[in-house]
Amino acid sequence: MSAQHPPARRNNLLTLVARYREAGIAIFILILAVLVTLRAPAFLTLNNFRDILLNISILSIVALAQTMVIITKGIDLSVGSIIGLVAMMVAFVFKASPEFPVVLSLPLGMLLGATLGAFNGLIISYGRVPPIIATLGTLSIYRGLVFFYSQGTWINSFELPAAFKQLSKGTPLGLPNMVIIAILFALAVYYFLNHTRTGRNIYAVGSNAEAAQMAGIPRQRIIFLVYVLTGLAAGLAAVLWVSRFESAQTNTALGFELQTVAASVVGGVSISGGVGTVPGVLLGALLLGMIDNSLPLLRISPFWQLALQGLLILTAVVVDNLILRRSQRRGRR
Amino acid sequence: MTESRPNAAPQGAERSAGATISAFPPRRSFLARFQRWEWMLVGLIALVVLLNSQLSPYFLDARNLSRTSSDFMEIGLMMLPMVFIIITGGIDLSVASNLAMCASFMGWLFMRGVPIWPAALAALLLGALGGLFNGLLVARVKLPPLVVTLGTYAFYRGVAYVLLGDQAARGYPASFTYIGQGKLPGTLIPFSVALFILLAIIFGLVLHRTSFGRTLFAIGNNENATAYSGVPVARIKIIVYTISGLMAGLAGLVLAARFGSTRPDIGVGLELAVITAAVLGGVDINGGIGTMGGAVLSLLLIGLLRFGMGLLNIQGQVQGMVIGLLLILSILLPNVARTLSLRGGSTHQRGRLATAAAVVAVFVLFGLFFFWSRAQVLGAG
Amino acid sequence: MSEPILELKEITKRFSGVEVLHQVSFSLRPGEVHALLGENGAGKSTLVKVMTGVHQPDGGEIHLNGQRVEFNAPHASLQAGIAAIYQELSLFPDLNVAENIFVGRQPTTTGGRLDWRTLYREAEQLLSSLGMHLDLKQKARNLSIAQQQMVEIARALSINARILIMDEPTSSLTLTEVAELFRLVRRLREDGAAIVFISHRLEELYEIADRVTVLRDGTYVETREMAQISRDELIRLMVGRTISNLFPKQETTIGDVALKVENLTLDGVFENVSFELRQGEILGMAGLVGAGRTDVARAIFGVEPPTSGRIEVEGKAASITSPQQAIDLGLALVPEDRQLHGLIPPMNLVANISLPMLASYSRRGWLRAKQERDAAFQAAQQMEVRANNIWQRARELSGGNQQKVVLAKWLSTKPRILILDEPTRGIDVGTKAAIHALMSELAGQGLAILMISSELPEVMGMSDRILVMREGRVTAQFTRGEATQEKIMSAATQTIAAGETR
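Residue numbers (the working numbering), protein chains in the order written: chain A, 1 to 333; chain B, 1 to 381; chain C, 1 to 502.
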């Protein structure tokens, strides 16, 4: 509130930076694309672009759900294990009854995933167990269930019906089904977060939990819901995973939770809650996917992938923090 | 400082006017300072020992116990500084990746002809550097520890892959593998266990008997007020994360020595085991509360549980399930008990019951489907 | 006179056995501004929280429009048309202005889709009908405190609240912002709303309030017409005794300069702050909340070092960049916010008191438990802290006793320069008097004391000299004899151009 520096002007500059957080990633992606293309022209082909989309479809779906959790100041470390368990269960269904309607596998997976998510949601919202602890626990529990369920056996490609394997890869609409499903899912999340009261309540709870309660927002129910939705998304991802990779293994999607959090954080979602957008997260996932894709094209050892991912996360949070810090300097009393 | 004193009511303000603090309370004995949760852990340990010794004749075999104990020492070594970090209100997800980076770096140097001990020393230094980097980002740049160490979780593991690729470093001399495989001369006690016990005592004393340890609790309970009291909070955090890195490096050496080789995927997922052990030991994930004794007891409990289940031929992942459940219950049960005791006859009771019934029904259906579909496949062959 | 819209009858409220409200009655009529007055800790905030359903009373009844009601949650009272604007604002920093107004009940189309266009239109209408000019799409995070308050008021009105409770709404506002707020309040009153107005600034109450209800120590004292009660009488009702014997600063011999500050500046927060503080002297620092006084104290103590300027401690230039250095130089700071900066509430008294001096209670890093305990016990006893024992947790003590613990902690560092930031805020009258007596005694022993206080009587009663700050600058200095409430208030609120600097 100091008189000598009217806050209005600086505000505008800052909102500009904050508002165009997505544009920042997009520009970064473009620069990267140009650089990679200069070195490896194969990058800029329709085929390669389709490959990238195919690769980030599953990641986008789960990362978007993870984003909803992070907006409420939570985190879901169990998504990888939910994918692993649901993948195995769906694969078992197809092995046991190959004539099971392929289309039904999607709602089945989502239902199974949502149930597992509901368990997370219960212990976090009503049991008031900190999200990181609760999902750390269920990460082990669900992964343990995969082993108990399958007794260590894997389901391989030949045990799955061809129609199911085509579910993710078929291109009746020009793009692979999986990409279309991911786009539809992203649109649904976008609509939910921006155009429904419940979606806005997710932001409200993450932005100021106490005020949310005062405003009559059912905080516990909202928190429960985001974990159910994350489970649902993981379940959907699991079906696509089995269909795409044509197998279900005991270590399916092991460690996948890290990538979903990475895509969110790179996409501008704040771990302290209240902030995050669908386009941002999609760009985050795209950036991660592009790096994975371009390494072999640039003949860089794929072993660099993980290290680069880590550096990307660190860069993203440092940049976000610098923006935030400048805005806080202004926000002083 | 952190001990809960449920009988500490009534408030001082209510006492008769003029009366102030009248006398010293008697100094509590060591056992009285033991907290409820630690007693609970002791009880659980006794239960596990009792059950397992009934179920398997091999459980109380000294040789078996000696062999299995060294399996948990890397987790233990990383758990010690993790208790420090969590008490300050932080977290370090990067420990297992740092472990891999250090072990791989040592292997990489060793494969290039550097003698093992200088290579090991360099690896320890690298571990400390990795921890320092975390500490600087957390304390100086003031980033949330969860994100920082998530980033370095990927980065350090990535460095391990960059160093070794799909190779394995092997051929370590026996003098080195002793730290992971050897026993103290004339005993069944593995060297790594002795090392852990020694370090656990040191870490415990530092936490509970030094001014440094006291400031860790203060930071975790109220960082601002601690800074106002002249405590160099940032420096202490940096030290703590650096120690964590150093211990991750040490754990890396021990693990590489135990395996006799190093692959870049060494120790994958151990960070979760480390955090689980600390939290199950009563260290509050929100900071400010915890004891080293509780953490060590919980490590012992986890070790005995896993060992016992292993003897019963229960798969490792299923064992993890039991530990995960224990972790959740250890926090959930006290919360639920508190909620139930607070809530009398609520007006929403009926609605709640219906919801609860629906939720239970969903879980039951899930369970039925789980076993039914499983039987369809496994039953068929 | 019209029938009361809201009546509280003999409300009693206990927290863990301690009675904070004892049979308090309160009656509110439509179309009035009703001031709620009392010292900090008198029970005003608790009473407000009973009205809004945050707390449920342990005894007594609430009547709304003649009907008995029970609010078991904050939104129940909201639905009944009672809205509160608390001291700690309850906006959503990541949502924009328009959404903040309608959060939780955004307009939707028949399909359940959010109707953003209607939302913005209604927000626009609401704000312009109130004469507010705000960017609807600005995030609340980027608003000034006055602007945030306006959004809160707009939110309250958007639910057609007929009862509006304002808990110290002016404490962080500039004079023009206060005028703006009062214009709004009068307008709401004309529309028939009932407004409960809490403020410590008596002159404000004379300006805006119709009636006043005074609380003291959790009990109801009296309700009066504002126009028919004098300031002195109000103060007497509040404190229960005459004001003169509350502030017993004795004459002391003023010694050498202990602390000298020259042109201290923290960019964007305060600038060119200069003063001298002598041994045995109490220098009062008056001003409105947000004038930068706390920031000056923090800068001197090294919590957030100044960007430029000079500090001399006992004649020697000092560069203080951390509290540790300040402590080593003999400074101590009792901060404004006990819970946040003064205490570590979950830890016991020993750990709290010994924290700044841990090094001296340890040998090569090892804590010497007995020495620490003895020192803490002695310090607590000296301050007459009332607690079961020194192992009790700080958070279990009353506000006054907590403040005594903070004082014990800092006095055990044997400071020569003591900075007290709002030393008696939110504590009971008895402890307040004890702290004033202590300050006087410490000054007598030669301590140099810098006291920041927003309570004018306290500043005037305790200080040898008074410094007034406004918007990051020192605007006036008075000796004890020169100072009057009017002079201080005008220096604290009016522009420097008026020229009342000595």
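To be clear, the hints were calculated from the coordinates, so they are not data collected in a lab. Fair warning: there could be bad hints in the mix.
To be verified - The calculated EDC-like cross-link candidates involving lysine to aspartate or glutamate, where the alpha carbons are at most 20 Å apart (straight line), are:
1) K49/C to E210/A
2) K73/A to D61/B
3) K137/C to D51/A
4) K165/A to D51/A
5) K316/C to D267/C
6) K142/B to D58/C
7) K49/C to E168/C
As the list claims (entries may be wrong) - So the derived label-pair ranges between C-beta atoms look like this:
8) A23/A to A358/B: 38 to 46 Å
9) R352/B to H63/C: 26 to 34 Å
10) V362/B to S97/A: 47 to 55 Å
Note that the Cβ used here is the ideal one computed from N, Cα and C, for glycine as well.
Taking the hints in turn, this is what the structure says about them:
1. Among the hinted pairs, K49/C with E210/A is consistent with the structure: their alpha-carbon atoms are about 14 Å apart, no more than 20 Å.
2. With a CA separation close to 48 Å, the supplied pair K73/A and D61/B exceeds the 20 Å bound.
3. Note on K137/C and D51/A: the hinted pairing is violated, with a Cα-Cα distance of about 39 Å set against a maximum of 20 Å.
4. At roughly 17 Å between alpha-carbon atoms, K165/A and D51/A fall within 20 Å of each other, so this suggested pair holds.
5. Distance hint between K316/C and D267/C is unfulfilled; the C-alpha atoms sit about 25 Å from each other, more than 20 Å.
6. Of the supplied pair hints, the one linking K142/B and D58/C is violated, its CA atoms being roughly 44 Å apart against a limit of 20 Å.
7. Straight-line distance between C-alpha atoms of K49/C and E168/C comes to about 14 Å, which keeps the hinted pair within the 20 Å bound.
8. Separated by about 45 Å at the C-beta atoms, A23/A and A358/B satisfy the suggested range of 38 to 46 Å.
9. The hinted range of 26 to 34 Å is satisfied by R352/B and H63/C, whose Cβ atoms lie roughly 30 Å apart.
10. Between V362/B and S97/A, the C-beta spacing of about 23 Å breaks the proposed range 47 to 55 Å.
In terms of the numbered hints stated before, the structure departs from hints 2, 3, 5, 6, 10, listed from lowest to highest.
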